[in-house]
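There are 2 protein chains.
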Amino acid sequence: MTEQEKLPENVVFVGQKPSMAYVLGVVTQMSNGQKEVYIKARGRAISKAVDVAEIVRRKFAQESRVSKIEIGTEERELENGQKINVSTINIALTK
Amino acid sequence: MTEQEKLPENVVFVGQKPSMAYVLGVVTQMSNGQKEVYIKARGRAISKAVDVAEIVRRKFAQESRVSKIEIGTEERELENGQKINVSTINIALTK
Numbered sequence: 001m002t003e004q005e006k007l008p009e010n011v012v013f014v015g016q017k018p019s020m021a022y023v024l025g026v027v028t029q030m031s032n033g034q035k036e037v038y039i040k041a042r043g044r045a046i047s048k049a050v051d052v053a054e055i056v057r058r059k060f061a062q063e064s065r066v067s068k069i070e071i072g073t074e075e076r077e078l079e080n081g082q083k084i085n086v087s088t089i090n091i092a093l094t095k
Numbered sequence: 001m002t003e004q005e006k007l008p009e010n011v012v013f014v015g016q017k018p019s020m021a022y023v024l025g026v027v028t029q030m031s032n033g034q035k036e037v038y039i040k041a042r043g044r045a046i047s048k049a050v051d052v053a054e055i056v057r058r059k060f061a062q063e064s065r066v067s068k069i070e071i072g073t074e075e076r077e078l079e080n081g082q083k084i085n086v087s088t089i090n091i092a093l094t095k
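First to last, the sequence lines map onto chains A and B. Residues 1 to 95 in the working numbering are what the first sequence lists, from first letter to last. Residues 1 to 95 in the working numbering are what the second sequence lists, from first letter to last.
It is worth saying that the hints were derived from the structure and are not from the lab. Keep in mind that a hint or two might mislead.
Stated by the list, open to error - Below 25 Å or equal to it, Euclidean Cα-Cα: the simulated PhoX-like pairs (lysine-lysine) are: (1) Lys35/A <-> Lys68/B; (2) Lys35/B <-> Lys40/A; (3) Lys17/A <-> Lys68/B; (4) Lys35/B <-> Lys59/A; (5) Lys83/B <-> Lys68/A; (6) Lys35/B <-> Lys68/A; (7) Lys83/A <-> Lys35/B.
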């Protein structure tokens, strides 16, 4: 999956933007009625995904809670054809 | 909690060393009979903690599984007295 692919509405894919951009994304979806939002990230962005979940839960949607956290590994192919493993995280925030 | 404090034997605190140093720590504890090992990290080391858990589970202890993942926030005081929030993760690997 790349960031360019169309994601379901209740998924926020955390990348290189500042954390608050993704916090806003999650909060907006909850305001639009989503009861569950998935915060996903890969590689070094995993730390930021945890920040996003914690900021939403503590500052913006105090009625929400972390209902599930999954970690995993994806194989990615570099431009030179080399294959590397990248860790992933999927954090479900439920209102 | 600082890295200098004495940790329980079945806790591996992930910091700035290469991932494989912590993988070795977890595998050693399991070899010594620990049925459950906790992999903890703060801030940017969170991504590395996920890598460590995934490498152990996939390459070194394929009978182990992630039995629990918790995230949280700690308040830390900088040298200038400013207080900042730091995200934390605690991953339990069970044999």
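Tested hints:
Pair hint Lys35/A plus Lys68/B holds up; C-alpha atoms about 23 Å apart against a cutoff of 25 Å. For the hint linking Lys35/B to Lys40/A, the alpha-carbon distance of about 29 Å lies beyond 25 Å, and the restraint is violated. Under the criterion of a C-alpha separation no larger than 25 Å, the hint pairing Lys17/A with Lys68/B is inconsistent with the structure, at around 29 Å. Taken as a hint, the Lys35/B and Lys59/A pair is broken in the structure, with Cα atoms around 37 Å apart against an allowance of 25 Å.
A C-alpha spacing of about 29 Å is found between Lys83/B and Lys68/A, which places the hinted pair above 25 Å, so the restraint is violated. Among the hinted pairs, Lys35/B with Lys68/A is consistent with the structure: their alpha-carbon atoms are about 23 Å apart, no more than 25 Å. Of the supplied pair hints, the one linking Lys83/A and Lys35/B is violated, its CA atoms being roughly 32 Å apart against a limit of 25 Å.
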